[in-house]
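Visitor: Please model the entire structure based on the sequences and the hints provided.
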Amino acid sequence: MYRHLTVALDGSHNARPALIEAVRLAAAAKARLSLVHVISVHDFAIDSVGLLDVQALQEEARKQGQFILDEGREYAQQHGVGDVSAHLLEAPQGGADAATVLVDFAAGAASDLLILGTHGHRGWKHLLLGSFAEAVLRRTTLPLLVVRNPEDDDNPSAGTAA
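Quick note: the sequence shown uses numbering that gives the first Met the number 0, first residue 0, plus one each step.
Rather than coming from a laboratory, the hints here were simulated on the basis of the structure.
Even for Gly, the Cβ is constructed at its ideal location relative to N, Cα and C.
Distance windows between CB atoms, simulated:
1. GLY10 / ALA108: 19 to 27 Å
2. ALA108 / ALA55: 24 to 32 Å
3. GLN63 / GLN92: 16 to 24 Å
Guide: See the structure below:
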């Protein structure tokens with residue numbers, strides 16, 4: 000059974016199902032749960048065109064990351080997880096660097112399982128957007144649980160009854 004789970008949170012609708020599954024598993028196993036948000040000023044700058052002050056970008060990224068972690072912690076505690084920690088990490092280069100930072104944290108924290116959400120894009124969308132989940136998979140030796148958002152537009156069964 001799992002003793003320590005690590006879940007990556009980015010604040011997207013795709014991370015929510017991963018958090019829900021991580022909390023469900025941690026509560027059932029009475030396991031420790033580490034919530035991780037990796038900020039990248041590089042990626043944040045791309046999303047925040049108009050903000051050119053690097054220090055202001057870093058501060059805003061940290062504030063948003065802390066908010067995401069606080070929400071995740073509250074959800075986990077409300078759903079029966081007694082041992083929850085939150086970790087705000089930084090990846091200067093973004094992208095694959097963020098995957099490496101996450102994997103290094105999980106390995107260093109002696110996690111039994113790494114959990115993350117995915118967008119489920121296929122074909123050209125996947126090639127153009129890349130895949131954080133794939134980058135993590137290529138870097139980790141830990142068991143990895145990738146939770147797909149059931150409401151994903153690219154999911155052919157989205158919105159249908161099972």
